[in-house]
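Number of protein chains: 2
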Amino acid sequence: MKSRSAIPAFLLALCCLPLQAQDIQVTSVEDRTAARGPETAYTGVGIAEFMFLPDDNSDLAGARITFEPGSRTSWHSHLAGQYLIITSGMGWVQARGEVKRLVKAGDVVWTPPGVFHWHGATTEQTMTHIAVWQFVDGSGGEFGPLVTDAEYLGE
Amino acid sequence: MKSRSAIPAFLLALCCLPLQAQDIQVTSVEDRTAARGPETAYTGVGIAEFMFLPDDNSDLAGARITFEPGSRTSWHSHLAGQYLIITSGMGWVQARGEVKRLVKAGDVVWTPPGVFHWHGATTEQTMTHIAVWQFVDGSGGEFGPLVTDAEYLGE
Chain E
1194 MKSRSAIPAF
1204 LLALCCLPLQ
1214 AQDIQVTSVE
1224 DRTAARGPET
1234 AYTGVGIAEF
1244 MFLPDDNSDL
1254 AGARITFEPG
1264 SRTSWHSHLA
1274 GQYLIITSGM
1284 GWVQARGEVK
1294 RLVKAGDVVW
1304 TPPGVFHWHG
1314 ATTEQTMTHI
1324 AVWQFVDGSG
1334 GEFGPLVTDA
1344 EYLGE
Chain D
1194 MKSRSAIPAF
1204 LLALCCLPLQ
1214 AQDIQVTSVE
1224 DRTAARGPET
1234 AYTGVGIAEF
1244 MFLPDDNSDL
1254 AGARITFEPG
1264 SRTSWHSHLA
1274 GQYLIITSGM
1284 GWVQARGEVK
1294 RLVKAGDVVW
1304 TPPGVFHWHG
1314 ATTEQTMTHI
1324 AVWQFVDGSG
1334 GEFGPLVTDA
1344 EYLGE
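Heads up: the sequence lines are chains E and D, in that order.
For the first sequence, our numbering begins at 1194 and goes up steadily by one.
For the second sequence, our numbering begins at 1194 and goes up steadily by one.
These are calculated hints, taken from the structure and not from any lab test.
Treat the hints with care, as some may be off.
With beta-carbon atoms standing in for the labels, derived distance ranges [to be verified]:
#1 E:D1216 <-> D:P1338: 34 to 42 Å
#2 D:S1332 <-> E:L1346: 41 to 49 Å
#3 D:T1341 <-> E:E1344: 36 to 44 Å
#4 D:D1330 <-> E:D1342: 43 to 51 Å
#5 E:D1330 <-> D:D1216: 23 to 31 Å
These stretches of chain E come out as covered by chain D in the derived footprint (C-beta under 8 Å, 3 or more residues) [said to hold, decoys possible]:
#6 1261 to 1272
#7 1275 to 1288
#8 1334 to 1341
Sample of chain D residues at the chain E side, in silico, Cβ under 8 Å [claimed, not checked]:
#9 L1253
#10 L1272
#11 Y1276
#12 T1304
Backbone N, C-alpha and C define an ideal beta-carbon position, used for all residues, glycine too.
Throw the hints in and build the complete structure from the sequences for me.
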């Protein structure tokens, strides 16, 4: 599995205006770009809008991600875990070796550090969530293989 | 100014089921309670739903807060800063010694560590935001005085 050892340039390009330490900083929708996640990390269309990324001030990252029915992330893990706040629709989340869970708008999902998992829409609905996670030494996590149809449709 | 040196019991009571380190954890709206913030920390009605709080796994906290027109937090600061993701409506944010800023749905606000500030609705609209911040040594921040009408309505 490939380790993501730094923040990829494409993420920084999609996201935020530079932040300064002194002041309250406001970024608007107009300052950001929503774009399809790469085929190495998503099966199907997953549209990611990075809302904040680690900088000199904070090691937090936040992104809003919308999945079309049938689409999902690859298997991956986060060094410091990750919270997902489901803001609309319905989806599935699964950790390696665990059952697949149905999640819906209003649910909050916690995946502990280092646990390989995936998240995505169900076959019939879109899902949008806000993901919040913490980088550790410049790394947001580790990416693994795509989730096969058998895995996605299984229990 | 009063230091919040631990997570108040009322926050823990409002929030989340116990998390375990091993598994993905899902909490639903049904597991949480939205309630008015205390009069010591809010002027007017600010309804807070704590979505996650620090535990053995993570020092992150997340809350969805809705302000009625005219309502706002007290002056306060966060030890590790705070992100606000404005999810609906329109509001104001202001740091001590800075101008008041208008924020609206889609905006993301970063307040650096230790900067005293307030956030709330405008006089005419509600505002809802998701706040994400990090506790440091069990403390989410420091609370100061209520925001006077002159401060709230000023520039």
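Results for each hint:
no., hint, verdict
1, E:D1216 <-> D:P1338: 34 to 42 Å, "21 Å, violated"
2, D:S1332 <-> E:L1346: 41 to 49 Å, "46 Å, holds"
3, D:T1341 <-> E:E1344: 36 to 44 Å, "57 Å, violated"
4, D:D1330 <-> E:D1342: 43 to 51 Å, "47 Å, holds"
5, E:D1330 <-> D:D1216: 23 to 31 Å, "26 Å, holds"
6, 1261 to 1272, "violated (count 0)"
7, 1275 to 1288, "holds (count 6)"
8, 1334 to 1341, "violated (count 0)"
9, L1253, "7 Å, holds"
10, L1272, "12 Å, violated"
11, Y1276, "6 Å, holds"
12, T1304, "5 Å, holds"
The earlier numbered hints that this structure contradicts are 1, 3, 6, 8, 10.
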